[in-house]
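Enquirer: Using the hints, position chains L, F, C and V against chain X.
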Amino acid sequence: MTPFELWSTVVIFGPLLASVVALSARPALLRAGLVLGSLSALVGSAGLWRAVILYGPGRHLLGGWGQPLGIELWIDGFGVAMLAVTALVGALTSLYANSYFGDLSELSVRESPAGRGARFFAPLWLLLWTALNGIYLSADLFNLYVTLEILGLSAAAIVTLAVSRQATVAGMRYLLVSLIGSLLYLLGVALLYVQYGTLSLEGLAAIGPSGPIPAIALAAMTVGMAAKTALFPFHAWLPPAHAGAPAPGSAILSALVVKGSFFILVRLWFSVYGGGSPEGLVLLGVLGSGAILWGSVLALRQVSLKRLIAYSTVAQLGYLFVMFPLLIPEPGLWNADAWTGGLLLAISHALAKAAMFLAAGNMSYAVAQDRLTAISGVAHRLPMSFFAFGVGGLSLAGLPPSAGFVGKWLLLRSAFETAHWIWIAVIAVGGLLTIAYVLKVLRYALDRDEAPEDFRPVPRRMEWAAALLALAAMALGVRALELVELLLVGGPFPW
Amino acid sequence: MTALGLLLDASVVLLLVALATRLLLTRHLFEAIVLFVSYGLTLSLAWVRLGAPNIALAEAALGAGVTGALFLNTYQRLAERIGDGAKSPLLEDDGSQDPPSWFKGLLGGGVILLGLGAGWALIGAGRRPAFLPHEIAARLPETGVQNPVTGVLLNFRGYDTLLEIAVLVAAMAGVWSLDRGSRRFGRARGEPDEDPVLHALTRFAVPVTVVTAVYLTWVGSTEPGGAFQAGSLLAGAGVLLTVAGILPPPTAASRPVRAMVAGGMAGFVLAGIAVLPLTGQFLHYPEGWAYPMILGIEALLTVSIAVVLVELFVDVPAVPEPDPALESIDPSGDPLGRALRGGEDS
Amino acid sequence: MSLLLLGAALFLILNVGAGLLRVVRGPTPADRMVAAQLFGTSGVAILLLLAEASGEGSLRDVALIFALLAVVISVSFVKRGWIRAEGSSDGEADHAD
Amino acid sequence: MNPVDLYMLAGIAITLIALYAALTRAHLFWKVLAINLMGTGIFLILLAAPSRRTPEIADPLPQAMVLTGIVVAVAATALALGIALRVIARSDLPFLPDGDEDDPDSPGSTGEASR
Amino acid sequence: MPIELTVTLVMEVVSGLLIVAGCLFFLAGTVGLLRFPDLYCRLHALTKADTLGLGLIVAGLVIRNPAWPARVQLVLIWMLALSAAATVCHLLARSSLAAGIEPIREPGGASAGVTPAGEGR
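Chains as they are written, first to last, in the numbering used here: chain X, 1414 to 1908; chain L, 7 to 352; chain F, 531 to 627; chain C, 2 to 116; chain V, 1414 to 1534.
For reference, chain X alone in the conformation it holds in the complex (with noise of 0.2 Å):
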C-alpha cells in the first residue's frame, strides 16, 4: 500500500463515511460526522501533498485493474492543492456550522421546516465535499460525471435549506442548470467514447482528440461546465443562489463547489485535449475578461450584502478563465507563470471568499438584515467579523502579501512576457472594481459610531472560522512558494 493509494482512500472515503454518521445516526453525532469529515480530509490531502512533493504525481488503480479496464485515481500537484484548500475552507466552515445551526444535537426531523434543513446540512455538506474530493482525484471521464452528479445535487438541496421563497427558486434553477450542465458533459463523454472506446483521461491525452466528433464532444462539455461555473453569459443563476443559501452554505458553494466544474474544464482543455484550439482558449479568455467587468459593476451596484458578494464570485471566477488563453502563448509550450498564478487566484479565491461570506453571515446574523444600510456601525460591535471582511475583501483585490496578490501578480507576468496588453487592462480595471465595492461594505460597516440597536451576539466561533479564513488568505502569500512548488508537480500536461 503506497502512500498515494492510502491516503486518496481517507480523503474520499473519511467524508463518506461521516456522511452515513451524520445521516443515519442520532442527531448527537452529526457534530461528530462533521468531525470525522473534517479530520479525513485534512489528513488525507496533507499526507498526499507530502506524497507528491516526494514522489511526483502518483496514482491509485481502484479495483487493482488501472485504466482502460478500471477507474484510476490521479494525484499530481493541481489536484492535491485543490483538495487542500478544500479541506482548510471546508473544516473551518464546518466549525461554523456546528454553532450556526444551534446546538446540532437537538435537531430532530420532526422540527419545524427550518430545523429539519438544519437536521440536514451535515450529511448533505458532507457528501458534497466526497464528490469534490473525488473530482480533483479522479482521471476517468464517466466517473467525474458520476461526482459531478453527487455536487449537483447536494449544492442544490444545500441552497433550499434557507426556507425562503427567494432560496426555494434560486435552489430549483441552479438545480436545473446544473443538470443540464451535467448532462451536456455525459453527451461529450459518450461522443468521445463513441470515437476513441476508452475512457481515460490518459488514454485520451495519449490518442490526442482531434476531428469533428471530439470538437463537438469538447464544445458541449465546455458548455456544460461553464454552465456549472457561472461564467458570465450562464451567470444569472449564481447570485441568487449564493445569496439565498444559509451562510454556511453560501461560503461552500462560492469557495468550493464552482471550482469542481473549473477543475474538470482546467483537465479537459489542457490535460486531455493539449490545449484544444487558440480560438477556443481566446473566446474563454474573453467571457472571463467580460465576467470580470460585469461581475464587479453588478457587484458595485448591489444594496444587500449577500448578494454584492456572490457578484464578486462572477467577477473573480473570470480571472481563473483569463488563464486560459495566457497559458500556451505559441503551440507546444505553456506558460509556468500564468498556470501557476491563475491556480493561485483560485485557491485564494476560496479562502477569501470563505472568509467574506461568513463574515457576512456574522454581520447579518447580529442585525437580523442583509441590506447593506441595516449593517452600519455593526463594524464597532463585530470588530473580528470586520476584520475577517477586510483581510478576505484586499486578499480578493490583490494587495501585498495576500495570496491574491501573489496570483495576480504571476498572471500579468505572464501576459506581459507574451505582450498581451488587454488581458493586462483587464486584470488592473477588475482589480480596482474589486477595491471599490470591498470599500463600500467597509464603509457601511463603519458608517456610524453607535452600534444598531437590534444586536444579537453572535457565538466566537462563528467569529474565529471567518477571521482564521482571513488570515489564511493572507498568510498564503507570505508562504506562495511552497504552493507554487506544488501546482508545479505534474503542471498543465501530466501525460
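By construction, these hints were calculated from the structure, which means they are not laboratory data.
As the structure is a computational prediction, the values presented were derived from the model and not from experiment.
Please note that a few of the clues may not be correct.
[To be verified] Straight-line alpha carbon distances no greater than 20 Å define the calculated SDA-like cross-link-like pairs of lysine to any residue that follow:
| no. | chain 1 | residue 1 | chain 2 | residue 2 |
| --- | --- | --- | --- | --- |
| 1 | V | LYS1461 | V | ALA1499 |
| 2 | X | LYS1853 | X | PRO1691 |
| 3 | V | LYS1461 | L | VAL203 |
| 4 | V | LYS1461 | V | VAL1444 |
| 5 | X | LYS1853 | X | LEU1706 |
| 6 | L | LYS110 | L | VAL203 |
| 7 | L | LYS110 | C | PRO98 |
| 8 | L | LYS110 | C | LEU24 |
| 9 | V | LYS1461 | F | GLY585 |
| 10 | L | LYS110 | X | PRO1646 |
| 11 | X | LYS1853 | X | VAL1716 |
| 12 | V | LYS1461 | V | LEU1489 |
| 13 | V | LYS1461 | V | PHE1449 |
| 14 | V | LYS1461 | V | VAL1433 |
| 15 | L | LYS110 | X | ARG1784 |
| 16 | L | LYS110 | X | PHE1647 |
| 17 | L | LYS110 | C | PHE96 |
| 18 | X | LYS1853 | X | ARG1794 |
| 19 | V | LYS1461 | V | LEU1418 |
| 20 | V | LYS1461 | V | LEU1437 |
| 21 | V | LYS1461 | V | ARG1507 |
| 22 | V | LYS1461 | V | TRP1481 |
| 23 | X | LYS1853 | X | ARG1784 |
| 24 | V | LYS1461 | V | LEU1440 |
| 25 | L | LYS110 | L | THR27 |
| 26 | V | LYS1461 | V | MET1492 |
| 27 | L | LYS110 | C | ALA27 |
Expert: Below, chains L, F, C and V alone, put in the same frame as chain X:
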C-alpha cells in the same frame, strides 16, 4: 427476416421520437406523464432490440416504473391543491411564461444545425477497432462473475457504482430536508382494507415480486439482473403494500429507515476499505473472494435501494400548507440561523 | 417460423401506436390511464414474442417486470384519490387526513 | 441502412428535442421531463453508436454506464420534483420568476433601487 | 419419424394460429379503445380483449417452447397480467364512478353492459 427486423426497429424508433416530441410539446400535464411512462416502456423495447436486456430491465423498473410513479404522485399533489374542476397553469400550461419566439426560433435553428452536424459526424465516424470489449471479455473470469455488465459494475468500475449509490443517498437527504406536509398515505396501520379485490391482488403480486427480486439479485452474476433491478422491484412491492395499508410508510423520522438508506453505501465502502490492507487498493478483492463479496454487496444494495425508492415515492411529494413561522422570516436577512435560534432570546 | 413471431411483434407495436391516440385525446385522466394499460399488456406480449424469437430467456424477466410495474403504477394512481373531475368529495379511496 | 444507426439517430434527435424543450418550456414539470428525456437520448447514442463499430461483440461498458445513468436520473428527478413542489407551495405558480434580481419582498429592491 | 414430424408441424400450425388470434384480439381492444364512446365502455373493451389476446399468445408460446421453466414463467406472467387487469379495471371504474364521471346510458352504440361494468364491485 432481417427486413422484418428492420421494420420492427423502424417502428420502435418512430414511436420513440413521436412520443418524445408529443410529450414535450403538449400542454396537458397528465397526458405528458402518461406518455412519459409509455415512452419508458417503448425505450425498454429499444434496449431489447439493441441486445441489452440488463438495461431493459432497469428501464422498465426505474425509468418507466419508479420515475413514472414519481410524476404521477406529484401530479396528484397538484390536483389536490387546485381543487375540483378548476383550470390552473399548474396542470394546463398555456405557454404564456415561455420565452419569446425569437429565442425559440434561434434555439430551434441552432439545435437543428447541431443535430445535422452530429448526425453527419457520427454516421461518418471512422470505424477503428475497439479493444476494450475484447479486454473485458478476456479478463472477465478474474472478476468472479459471468455477467459482463455485473463484472463492470461491481468489479472493474465498482467505484462508479459506489458513487452512484451516493447520488441516491444525496437525493434522499435532499428530499428529506424539504418540508413535507406529511399527508398520510393509504390507510392507517392494522386497519383492514375493505377492498377485497386489491387485497387479493396484493397477496398474489407481492410474493411474486419478492421472489423475482431475490431471483434477479441471485442471477445477476451470471445473467441479466442485479441489485438495481431487484431493488426497484422490491420497491414496487413495498409501494403496493403501503398503498394497500399493510405496511406503514417509511419516513425520515425513523432511525432504522435512515440506517437502511445509508447502510448499503456504508457496507460497500467498508468492504472496499477492508480489502485495502490485503491487496493495497480500494475495492481490490483478494483472490477467490470476489464472488462472495460481490454477492454480499449486491444483497445489501438491493435492500438499501428498495428502501430509498419506496421512501422517495411515498414520502416526497407533498405540497405543504403555508407555514406562518416560515413566512415571517425576513427573506432579505440571514434567515436560517436566526430562525433556528429564534426561540432562545428574541 | 420466427418470421411469424417478429411479424406479430411488429403488428402489436403498430397497434400500440394507434392506441396512443387515446392518450392524446383523453378526455379524463382515467381514459389516458386505460390507454397506458394497453401499453403495458402489449409490451408484455411483444417481449414474450421477442424472447421466443431470439431465444433470449431473460426477456421473459423483463416481461414480468412490465406486468408487475403496470400493477404498481395503476394501483397507486387509483388509490391516491386522484379523480377530481366533477366536484366530488375526495373519494373513498383515500382516507388520509 | 443499419438498424443500429436508426437508434443512434433517434438518440441524437431526442437529445436535441429535449434540450430545446428544457430551455423553452417554462413549466417546471416539463423541464424535469425534458431533462429525463435528454438523458435517455444520450443513453441511446452511448449504446447504439459503439455497437455499430464492433457488431460481433457486445460492449458491456456502455451498458454499465447507461445503468448508472438511469439510477442517477431517478435520483435527480425525485429531488427536482420535491423542490419544484416547494416552489409551487411558496408561489402558487409552476414557473420560475424571470430575471435574477428578484427580491420583491423588500422595498427598494436591487437594480434600479441602487441608483 | 413421419408421425413425429406431423406432430411438430401440427403444433407449429396451432401455435401460429393462436398467436395470430391473440394479435386480432389486441386489435379489437385497440379499436374499442379508440371508437367506444366513454370511459366505461373503453375499460370494458380493452381489459377483456387484451387479456384474452395475451392469453392466446402465451398459449401459443407455451406450445412452441419445450422447456418447462419457461412454460411456468409464461403462465405466471399471464396470471399476473390477468389479475392486474381485472383489479385495475375494477379500481378505475369504481373510483371514476365515485368521482362523478357518469356512464352514458342512452340506447344505441354500446349501451349494454355499461352499467354493470361501472357498478360491479
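Enquirer: All hints are to be evaluated individually against the structure, with a verdict given for each.
Expert: Here is what the structure says about each hint:
Between the alpha carbons of LYS1461 of chain V and ALA1499 of chain V the distance comes to roughly 8 Å, so the proposed pair stays at or under 20 Å and holds. With a C-alpha separation of about 39 Å, the suggested pair LYS1853 of chain X and PRO1691 of chain X falls outside the 20 Å cut-off, and the hint is violated. Among the hinted pairs, LYS1461 of chain V with VAL203 of chain L is consistent with the structure: their alpha-carbon atoms are about 17 Å apart, no more than 20 Å. For the proposed pair LYS1461 of chain V and VAL1444 of chain V, the alpha carbon gap of about 13 Å is at most 20 Å, so the pair holds.
Among the hinted pairs, LYS1853 of chain X with LEU1706 of chain X is consistent with the structure: their alpha-carbon atoms are about 17 Å apart, no more than 20 Å. At most 20 Å may separate the alpha-carbon atoms for a hinted pair to count; LYS110 of chain L and VAL203 of chain L exceed this at roughly 50 Å. Only pairs whose Cα atoms come within 20 Å are accepted, and LYS110 of chain L paired with PRO98 of chain C is accepted, the gap being roughly 18 Å. Under the criterion of a C-alpha separation no larger than 20 Å, the hint pairing LYS110 of chain L with LEU24 of chain C is consistent with the structure, at around 9 Å.
For the given pair, LYS1461 of chain V sits about 29 Å from GLY585 of chain F by alpha-carbon distance, which is inconsistent with the 20 Å threshold. Taking the CA atoms of LYS110 of chain L and PRO1646 of chain X, the gap is near 18 Å; set against the 20 Å cutoff, the hint holds. Using a Cα cut-off of 20 Å, the hinted pair LYS1853 of chain X and VAL1716 of chain X holds, with the two alpha carbons roughly 10 Å apart. Pair hint LYS1461 of chain V plus LEU1489 of chain V holds up; C-alpha atoms about 18 Å apart against a cutoff of 20 Å.
Distance hint between LYS1461 of chain V and PHE1449 of chain V is fulfilled; the C-alpha atoms sit about 14 Å from each other, no more than 20 Å. Annotation: proposed proximity of LYS1461 of chain V to VAL1433 of chain V holds, straight-line Cα distance about 17 Å (limit 20 Å). For the hint pairing LYS110 of chain L with ARG1784 of chain X, the CA-to-CA distance comes to about 38 Å; that exceeds 20 Å, so the pair is violated. A C-alpha spacing of about 17 Å is found between LYS110 of chain L and PHE1647 of chain X, which places the hinted pair at or below 20 Å, so the restraint holds.
About 17 Å separates the Cα atoms of LYS110 of chain L and PHE96 of chain C, which keeps this hinted pair within 20 Å; it holds. A distance of roughly 19 Å separates the Cα atoms of LYS1853 of chain X and ARG1794 of chain X; the hinted pair therefore holds under the 20 Å criterion. Distance check on the hinted pair: LYS1461 of chain V and LEU1418 of chain V sit about 36 Å apart at the alpha-carbon level, beyond 20 Å; violated. Pair hint LYS1461 of chain V plus LEU1437 of chain V holds up; C-alpha atoms about 13 Å apart against a cutoff of 20 Å.
Taking the CA atoms of LYS1461 of chain V and ARG1507 of chain V, the gap is near 17 Å; set against the 20 Å cutoff, the hint holds. Pair hint LYS1461 of chain V plus TRP1481 of chain V does not hold up; C-alpha atoms about 27 Å apart against a cutoff of 20 Å. The straight-line distance between the Cα atoms of LYS1853 of chain X and ARG1784 of chain X is roughly 13 Å, inside the 20 Å bound, and the hint therefore holds. Only pairs whose Cα atoms come within 20 Å are accepted, and LYS1461 of chain V paired with LEU1440 of chain V is accepted, the gap being roughly 12 Å.
Taking the CA atoms of LYS110 of chain L and THR27 of chain L, the gap is near 15 Å; set against the 20 Å cutoff, the hint holds. For a cut-off of 20 Å, the pair hint linking LYS1461 of chain V to MET1492 of chain V stands: about 13 Å separates their Cα positions. Our distance criterion of 20 Å between C-alpha atoms is met by LYS110 of chain L and ALA27 of chain C, whose separation comes to about 12 Å.
Taken one by one, the earlier hints fail for this structure at numbers 2, 6, 9, 15, 19, 22, listed in ascending order.
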